[in-house]
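Asks: As given, the protein sequences belong to chains A and B, one line each in that order. Going letter by letter, the first sequence gives residues 20 to 563 in my numbering. Going letter by letter, the second sequence gives residues 20 to 563 in my numbering.
Hints are not guaranteed to be accurate.
Remember, identical chains collapse to one label, so a pair may be satisfied in a single copy or spanning two.
[Stated by the list, open to error] List time: in silico DSSO-like cross-link candidates among lysine-lysine, alpha-carbon distance up to 30 Å:
no. : residue 1 : residue 2
1   : Lys250    : Lys358
2   : Lys288    : Lys250
3   : Lys358    : Lys504
4   : Lys127    : Lys26
5   : Lys311    : Lys156
6   : Lys26     : Lys288
7   : Lys26     : Lys478
8   : Lys399    : Lys251
9   : Lys345    : Lys61
10  : Lys399    : Lys558
11  : Lys424    : Lys127
12  : Lys509    : Lys465
13  : Lys478    : Lys558
14  : Lys517    : Lys34
15  : Lys358    : Lys509
Everything labelled a hint here was simulated from the structure, so no lab data went into it.
There are 2 protein chains.
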Amino acid sequence: MLSPLQKARLEYTPKMPKILQNVAAICFQEGQRVCASELFPKLSSSRVLTASTDSPPPAQPLRVGVVLSGGQAPGGHNVICGMYDALHALNPHSRLFGFIGGPGGILKDKVVELTEEHLASFRNQGGFDLIGSGRTKIETQEQFQKSLETVERLNLDGLVIVGGDDSNTNACFLAEYFLQHNSKTCVIGVPKTIDADLQNEFVELSFGFDTACRVYSEFIGNIARDAISAKKYYFFIKLMGRSTSHIALECALATHPNLTLIGEEIQAKGQSLADVVRDISDLIAARAEEGKDYGVILVPEGIIEFVGDVKILISELNALLASTSKHGAAMEPMSPPDKVRYVIPHLGDHARGTFEMLPHIIQEQLLCDRDPHGNVQMSKIESERLLMELCRQELAERKLRGEYKGRYAAVPIFSGYEGRSSLPSVFDADYCYCLGRLAACLVAHKKTGYMTSISNLAKPASEWSVCATPLHMMIHFEERDGQQKAVIRKAPCDLGGKPFEYFAAERDGWRVEDCYCQPGPIQFFGPTEIADSRPISLKLRGEK
Amino acid sequence: MLSPLQKARLEYTPKMPKILQNVAAICFQEGQRVCASELFPKLSSSRVLTASTDSPPPAQPLRVGVVLSGGQAPGGHNVICGMYDALHALNPHSRLFGFIGGPGGILKDKVVELTEEHLASFRNQGGFDLIGSGRTKIETQEQFQKSLETVERLNLDGLVIVGGDDSNTNACFLAEYFLQHNSKTCVIGVPKTIDADLQNEFVELSFGFDTACRVYSEFIGNIARDAISAKKYYFFIKLMGRSTSHIALECALATHPNLTLIGEEIQAKGQSLADVVRDISDLIAARAEEGKDYGVILVPEGIIEFVGDVKILISELNALLASTSKHGAAMEPMSPPDKVRYVIPHLGDHARGTFEMLPHIIQEQLLCDRDPHGNVQMSKIESERLLMELCRQELAERKLRGEYKGRYAAVPIFSGYEGRSSLPSVFDADYCYCLGRLAACLVAHKKTGYMTSISNLAKPASEWSVCATPLHMMIHFEERDGQQKAVIRKAPCDLGGKPFEYFAAERDGWRVEDCYCQPGPIQFFGPTEIADSRPISLKLRGEK
Chain A
20 MLSPLQKARL
30 EYTPKMPKIL
40 QNVAAICFQE
50 GQRVCASELF
60 PKLSSSRVLT
70 ASTDSPPPAQ
80 PLRVGVVLSG
90 GQAPGGHNVI
100 CGMYDALHAL
110 NPHSRLFGFI
120 GGPGGILKDK
130 VVELTEEHLA
140 SFRNQGGFDL
150 IGSGRTKIET
160 QEQFQKSLET
170 VERLNLDGLV
180 IVGGDDSNTN
190 ACFLAEYFLQ
200 HNSKTCVIGV
210 PKTIDADLQN
220 EFVELSFGFD
230 TACRVYSEFI
240 GNIARDAISA
250 KKYYFFIKLM
260 GRSTSHIALE
270 CALATHPNLT
280 LIGEEIQAKG
290 QSLADVVRDI
300 SDLIAARAEE
310 GKDYGVILVP
320 EGIIEFVGDV
330 KILISELNAL
340 LASTSKHGAA
350 MEPMSPPDKV
360 RYVIPHLGDH
370 ARGTFEMLPH
380 IIQEQLLCDR
390 DPHGNVQMSK
400 IESERLLMEL
410 CRQELAERKL
420 RGEYKGRYAA
430 VPIFSGYEGR
440 SSLPSVFDAD
450 YCYCLGRLAA
460 CLVAHKKTGY
470 MTSISNLAKP
480 ASEWSVCATP
490 LHMMIHFEER
500 DGQQKAVIRK
510 APCDLGGKPF
520 EYFAAERDGW
530 RVEDCYCQPG
540 PIQFFGPTEI
550 ADSRPISLKL
560 RGEK
Chain B
20 MLSPLQKARL
30 EYTPKMPKIL
40 QNVAAICFQE
50 GQRVCASELF
60 PKLSSSRVLT
70 ASTDSPPPAQ
80 PLRVGVVLSG
90 GQAPGGHNVI
100 CGMYDALHAL
110 NPHSRLFGFI
120 GGPGGILKDK
130 VVELTEEHLA
140 SFRNQGGFDL
150 IGSGRTKIET
160 QEQFQKSLET
170 VERLNLDGLV
180 IVGGDDSNTN
190 ACFLAEYFLQ
200 HNSKTCVIGV
210 PKTIDADLQN
220 EFVELSFGFD
230 TACRVYSEFI
240 GNIARDAISA
250 KKYYFFIKLM
260 GRSTSHIALE
270 CALATHPNLT
280 LIGEEIQAKG
290 QSLADVVRDI
300 SDLIAARAEE
310 GKDYGVILVP
320 EGIIEFVGDV
330 KILISELNAL
340 LASTSKHGAA
350 MEPMSPPDKV
360 RYVIPHLGDH
370 ARGTFEMLPH
380 IIQEQLLCDR
390 DPHGNVQMSK
400 IESERLLMEL
410 CRQELAERKL
420 RGEYKGRYAA
430 VPIFSGYEGR
440 SSLPSVFDAD
450 YCYCLGRLAA
460 CLVAHKKTGY
470 MTSISNLAKP
480 ASEWSVCATP
490 LHMMIHFEER
500 DGQQKAVIRK
510 APCDLGGKPF
520 EYFAAERDGW
530 RVEDCYCQPG
540 PIQFFGPTEI
550 ADSRPISLKL
560 RGEK
């Protein structure tokens, strides 16, 4: 059942730059820059494309497939709607196919033809439920072969892969594979991820980040207002972002919490877990001096994995626990407390100190709750609860030493899933619709191995630049699991970039003074600066 | 710092019925009904008042105090703004005083004069931070005496208490006390609580419920959309509502989750903890039959306390653990696991069965983590995590018996604090502003011991009815902590009422079919039915 707001959003027509309005007249200019790569013999001569206007001959009907890959991001449905509308504007006999349940749908040939009727209730809506998504990766030769069989059977002119860094890496290899096997199917990538870590000189921003951050910022702003009203609690708010802290940074810029942990900064400073706990406790003690026993602290979910000594501990634990090791075998039948007792003397000094800092229950969890490869699952540790608890210990010790006089009551909160499938903001609705239209045009022009790149996004939609970048230009070698792998880089928060610089300059003023800002819920109507706003970090990056 | 939306909301002028527009012309008609009470000799002859229009002589300047009591509810600042504007419309020399930090501010005579300058950045804003709130109760003779001294010192014509059932009970006794001591200070109550349990024949709805439920419903709708997109998780969403389940019911009506626990129903059916776990597991198993290993389950935070056998367990544990008992003394020095072992054989059969169902960690928590009176703290148990874990055990057993074939992955979520201090919805902004204006008018007319009662709320503001009800008419005797006490009743969800009836008729259709509705974020602009909506349960109650 659709809510009144959902119905109103169905009626919305996304805004777009002029060039995407008449897709029949679009053409692409090749840029100068070449970036040859031995990995991609077929693709390597492709150049950056810029859309311009021409009057090409009427297009043939096209057959295009689309797949949503990985975690949900608001706007995914609009990518599909944009593709559909552009394909039909190009030729009313074009057909669009959706692969069901993510890339696995390509391998299993699970597909549905998408018609106007299917799309009617998904325009400008959240979620990925029209065709679902999945985390299967298409990266082996066998999977490439399967994919080829599927696109051949469907006689596809194009396959559009909506995904993050890994999915687009795979899209690039798949495009090369298709070319090498003389397939006509073009492969186009669309940059999706709320984490904003698919970002580089060609990709200004992945879609979904704006909406997700605005949902989280609504939440954080409300919590901060509650904190300053009740004056009772420290809220440790965990945010999404396992590998990077873009979300936490954007939310901090929008809401001005008292402290925000940025994983990249902790890593750059080489901070230990004790350092992080000391920093938070210093904040709490400084506020207590002013009579303030409340506050808001933002914690990216992956924060623990940026902490140097925790990384050492994890690698020692993994070695000790390996079922092939004598220790692993010895511990196998033990009870959790016995495992803890057994493991401690076998850790190095440094790792032992870190392990002994952890609450008992976390120690046991680390030793017992392992992944299918036998590795400890740091990601299962609820970082906001861990930090909250460690601060409790630290503050209790400071109290004994007379260094802290406050009353510490903390509440752990996780703001995550509710941002991934929200109704897309006006910006994400517009942006995604344009990405979809552009993807369709690239297929129509038989471009393959490209990512849709729309830039100048801080400006109104009418001023956006419409380009496409060869995927292989983003690929470089990187160590993953001890091996060199050709991948699109996951962009960390740039500690030298404008958004972080601005944050670093302002944050001291937010520590003890309460400068909370309450952005409120996403608006779809009303003044442009409210309804059609942009991420603060995007605007800052654009400033010269 | 104010966000653009906050700034836009500052400009908003609340809507009101005509009669509240010209407060100088308002007068009050006494109704027929009398409801004498020996508890309130002075107040007992007061009658229900209905506002009408007259041309009374120009009002003298008034001096009025206001206090916010208990948990935050969106709209509190607008009550104060409504009071201020009405007082100044009545006479520009009137003065408004805010007591700092809740009723404790009256006792400690902590007060600030509120001026236009103070209010300028709080109009239509969330939170209670203008003057803060607190949970101190004014209920002893000594506290009444202190309060009298404060209002006399300030020479107040009126004291407006914005609070829930308990605060308004206390307001009634305070009004009687002031009358008995010949104080001129009128006491007026304003119905506040997001829980909506301050509700009766005179009070259609407390303020804050609409906004809070819309914030929670945005959250739940987003989570449901995520659930149906990823198809991986059961979300156990805990909602506020310790004593009643109005919030869960309203959110269920707005979002159509697969299962919603209603405390009052569990109590009426006399369900045990095992029954509740069985019901949830039945849902999960039925959905697994359809290939659906995901879903959304709403859990009011106080749910465990509605479960019959848990109540028995708690009372037995409290008796055993009392420090005055020999068992209490014996257990004092024991380690948590030893306490658990000690306590089990001393429980009755029924309570033992319930205790043994609980995960080990919860058993220890119950025995170790007690309140200042030595009672077990059921409220510290995270009910959503407990139920999630008990369902895991139950489903594992069903799997062994071949009765369940699904894959169970559950995520606990708490949606609570972010709803209490949100920007008030248009409805709550309007309603609260009107409540404040009405409170000021009642003081101007020297009415005391009244609650502001605005009704016909499902209709546009222009059609609202403006009345005032003697607080003592709502007071009855009720057993609390084993004693008869005169209180305003906390209204439970009425299982015979229209909202629950509607829910009960619809919910089976939401179990296995996914009928999730995504209300989206609160809108302040746009179509009336979206921006100026009403709670569904309020609309249903109004239907004949």
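Asks: Each hint: holds or not?
Replies: Status of the hints after comparison with the structure:
Taking the shortest Cα distances, Lys250 and Lys358 never come within 30 Å of each other, neither inside one copy (42 Å) nor across copies (35 Å). In this assembly of identical chains, the alpha carbons of Lys288 and Lys250 never lie at most 30 Å apart, being 32 Å within a copy and 39 Å across copies at closest. Neither within a single protomer nor between protomers do Lys358 and Lys504 lie at most 30 Å apart by alpha-carbon distance, with minima of 36 Å and 54 Å respectively. Taking identical chains as interchangeable, the C-alpha atoms of Lys127 and Lys26 are never at most 30 Å apart, the minima being 34 Å within one chain and 53 Å between chains.
In this homomeric assembly, Lys311 and Lys156 come within 30 Å of each other (Cα to Cα) only across copies, at 23 Å, whereas the closest approach inside a single copy is 49 Å. In this assembly of identical chains, Lys26 and Lys288 lie within 30 Å of each other by CA distance neither inside one copy nor across copies; the values are 49 Å within and 39 Å between. For the homomeric pair Lys26 and Lys478, the shortest alpha-carbon distances inside one copy (28 Å) and between copies (22 Å) are both at most 30 Å. In the homo-oligomer, the alpha carbons of Lys399 and Lys251 lie at most 30 Å apart both inside one protomer (29 Å) and across protomers (16 Å), since each shortest distance falls under that limit.
In this homomeric assembly, Lys345 and Lys61 never come within 30 Å of each other (Cα to Cα): the closest approach is 50 Å inside a single copy and 84 Å across copies. For the homomeric pair Lys399 and Lys558, neither the shortest alpha-carbon distance inside one copy (34 Å) nor that between copies (43 Å) is at most 30 Å. For the identical chains of this complex, Lys424 and Lys127 are inter-copy neighbours only, at 23 Å across copies versus 62 Å inside a copy, given an alpha-carbon limit of 30 Å. Proximity of Lys509 and Lys465 under a CA criterion of 30 Å is satisfied intra-copy only: 28 Å inside one chain copy versus 68 Å between copies.
Within a single copy, Lys478 and Lys558 get their C-alpha atoms as close as 9 Å, which meets the 30 Å cut-off; across copies the closest is 43 Å, which misses it. In this assembly of identical chains, Lys517 and Lys34 lie within 30 Å of each other by CA distance solely inside one copy; the values are 28 Å within and 43 Å between copies. In the homo-oligomer, the alpha carbons of Lys358 and Lys509 never lie at most 30 Å apart, since the shortest distance is 36 Å inside one protomer and 50 Å across protomers.
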